[in-house]
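Trainee: Letter by letter, the chains look like this.
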Amino acid sequence: MDIWPTVYVFVLASFIGLGVIRRVSRLLHTPLMSLTNAISAIAVVGAILLTGGDYPDRIRLLGAVALFASMTNIISGFLITDRMLRMFKTGGARDGGRR
Amino acid sequence: MMYAATQAAYLAASVCFIFALHWMNTPATARQGVYAGIAGTAIAILVTWSEPAVVHHGWIVLALAAGVAAGVPLSQVPLTAVPQRTALSHAFGGLAAGLVGTAEYYLQVAESPERLTAFRMTALIAEILLGYITFTGSLMAAGKLQEIRWVPQRPVTYPLQNASNFLLFGAAVALAAAIAAHPAAPWARAAFPAIIGLALLFGVLLIIPIGGADMPTVIAILNSYAGLSAVAMGFVLDNKLLITAGALDGSSGLILAIIMCRAMNRSFTNVLFGAFGQVARAQTAGEQKVYKSETPEGAAQVLAQANFVVIIPGYGMAVAQAQHKVRELYDQLKKRGITVKFAIHPVAGRMPGHMNVLLAEADIPYTDLVEMDEINRDMPQADVALVVGANDVVNPAARTDTNSPIYGMPIIDADKARTVFAIKRSKNPGFAGIENELYFSDRTWMLFGDAKAVIGELVKELAGSSGMH
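These protein sequence lines are chains A and B, in that order.
Following this note's numbering, the numbering of the first sequence begins with 59 at its first residue and continues without gaps.
Following this note's numbering, the numbering of the second sequence begins with 58 at its first residue and continues without gaps.
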């Protein structure tokens with residue numbers, strides 16, 4: 059297996075991450091954390107392959123537990139992020155605040 | 058053909074994730090970010106599920122359904138509990154990575170040991186170590202934040218703590234290296250659970266010396282670990298989507314941790330291995346200083362005369378659930394034409410951005426939430442600084458007292474306001490036992506009591522006297 063393409067992807071993706079995250083509003087650091095939580099639950103991919111593959115049951119069971127944990131993060135992460143973001147309002151929405 | 062379609066879909070999911078984070082740069086577009094994230098994840102799940110290698114579906118459906126059943130209530134927790142929910146979800150992420158790594162190892166050893174190359178084996182071990190350390194470490198952090206009885210709240214320290222931790226971690230790495238060199242040896246199969254055990258133990262030991270005030274940094278570091286374990290899984294499975302998403306998460310945690318460390322003027326190593334509590338003991342002795350206290354009536358009168366009020370919230374506001382009362386106070390002051398701003402210190406609360414979310418929940422416009430550096434320029438013009446459950450982040454000792462454990466930490470300059478009111482539950486020193494000089498300044502008056510009750514009384518006073526103005 060050629061390892062270099064994956065290493066490239068990792069390094070370049072890290073730079074994209076650093077560039078994008080640096081611009082995230084400080085107001086939103088808590089929702090940012092729950093959003094990245096949900097996104098990194100992409101481990102769900104590995105868990106599905108194990109759970110659904112033609113493997114011994116104990117392997118598939120480990121996969122199923124991992125799948126459950128990832129799915130919990132996906133659902134709760136996206137839902138709570140959206141719930142928090144809905145609360146951020148400008149002054150105009152309430153009483154004509156300044157700025 | 059199938060391969061190309063799968064790869065294209067994974068690429069599309071990666072792009073969705075990058076947009077998701079990009080749109081978080083302002084509250085105006087942030088919700089689009091959530092939808093982009095959902096789209097990316099949905100694509101990834103559907104494409105993976107339809108792979109020809111996936112032949113059994115029953116357990117997948119069951120696990121997904123169980124995940125939905127557990128995830129929905131976890132997303133409905135009160136916002137004051139968001140730090141522990143976040144820690145818990147890091148634990149779940151770490152567990153998933155650890156389990157997938159474990160299953161991969163046993164599967165490959167049994168079926169195709171030749172696929173366990175040195176590179177893949179190194180990645181697999183990294184995935185397992187990071188995954189299980191994140192799992193127990195985050196569980197401990199969540200336990201501390203939730204104040205579960207059998208999890209010690211205060212930092213636990215003992216002699217040779219760092220030395221024994223390093224020794225343990227060194228043992229785990231040495232064993233890992235040996236297994237990575239000979240993954241298919243019979244002894245390696247037997248020793249594999251020992252690595253898991255060491256990682257689980259190390260996660261616990263890493264968190265027990267850490268106190269509540271350091272939680273924002275620790276949560277950010279654990280966030281980064283959870284992301285890196287997904288990257289390692291991507292290396293094992295040769296999956297670029299996992300690598301991209303994990304790298305985004307890892308760099309997010311890293312940046313947040315750096316911001317938190319800077320806001321405390323401390324280094325990573327100092328947070329993880331410094332045991333904050335030790336330094337503070339030196340200065341508990343000394344003469345007894347006297348607080349000047351003020352009644353809510355008196356404070357309300359001063360507030361009513363002000364033009365510019367800065368409210369400085371801290372973890373105490375979250376504990377007292379006082380954010381809605383704070384909103385009522387904000388409304389009362391606004392009604393009188395008083396400018397009101399909130400000064401947000403990066404480490405106020407128990408996780409990055411904690412105060413912003415609580416105040417947004419109470420319907421305070423985010424345009425009135427001001428970062429530390431920006432508000433400090435205006436502090437000398439402030440007529441009143443009202444400290445609600447914040448302590449270390451307004452302690453002037455950070456500027457002046459080289460012996461203080463928080464010396465050098467950037468603070469909100471509450472002491473530069475014309476008048477300071479500080480709401481405090483009791484006369485005891487705050488977390489880590491550090492005396493706060495601000496409370497003894499000749500401009501400061503203390504309002505003793507529960508934050509919610511005190512602010513409630515302020516609101517009542519202001520509402521009652523509003524006819525006179």
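Note that these hints are calculated values from the structure, not bench results.
As the structure is a prediction and not an experimental result, all values here were calculated from the model.
Be aware that one or more of the hints could be misleading.
Unchecked claim - Rough simulated footprint, nothing fancy, chain A against chain B, three-plus residues with beta-carbon under 8 Å:
id, stretch
1, 108-119
2, 147-161
3, 256-269
4, 295-303
5, 447-454
What the hints assert, rightly or not - Just the calculated beta-carbon pair ranges, DEER-fashion:
id, chain 1, residue 1, chain 2, residue 2, range
6, B, R211, A, D115, 23 to 33 Å
7, A, Y66, B, V134, 48 to 58 Å
8, A, D112, B, E171, 28 to 38 Å
9, A, R80, B, P250, 36 to 46 Å
10, A, R80, B, V213, 32 to 42 Å
11, B, L224, A, K147, 14 to 24 Å
12, A, K147, B, Y215, 44 to 54 Å
13, A, D115, B, A228, 29 to 39 Å
14, B, Q358, A, K147, 28 to 38 Å
15, B, R172, A, T148, 24 to 34 Å
C-beta: ideal position from N, C-alpha, C; glycine also.
Trainee: Now look at each hint and say whether the structure bears it out.
Mentor: We went through each hint and held it up to the structure:
no.: 1; hint: 108-119; in the structure: holds (count 9)
no.: 2; hint: 147-161; in the structure: holds (count 11)
no.: 3; hint: 256-269; in the structure: violated (count 0)
no.: 4; hint: 295-303; in the structure: holds (count 9)
no.: 5; hint: 447-454; in the structure: violated (count 0)
no.: 6; hint: B:R211 to A:D115: 23 to 33 Å; in the structure: 45 Å, violated
no.: 7; hint: A:Y66 to B:V134: 48 to 58 Å; in the structure: 40 Å, violated
no.: 8; hint: A:D112 to B:E171: 28 to 38 Å; in the structure: 20 Å, violated
no.: 9; hint: A:R80 to B:P250: 36 to 46 Å; in the structure: 41 Å, holds
no.: 10; hint: A:R80 to B:V213: 32 to 42 Å; in the structure: 35 Å, holds
no.: 11; hint: B:L224 to A:K147: 14 to 24 Å; in the structure: 52 Å, violated
no.: 12; hint: A:K147 to B:Y215: 44 to 54 Å; in the structure: 48 Å, holds
no.: 13; hint: A:D115 to B:A228: 29 to 39 Å; in the structure: 33 Å, holds
no.: 14; hint: B:Q358 to A:K147: 28 to 38 Å; in the structure: 31 Å, holds
no.: 15; hint: B:R172 to A:T148: 24 to 34 Å; in the structure: 55 Å, violated
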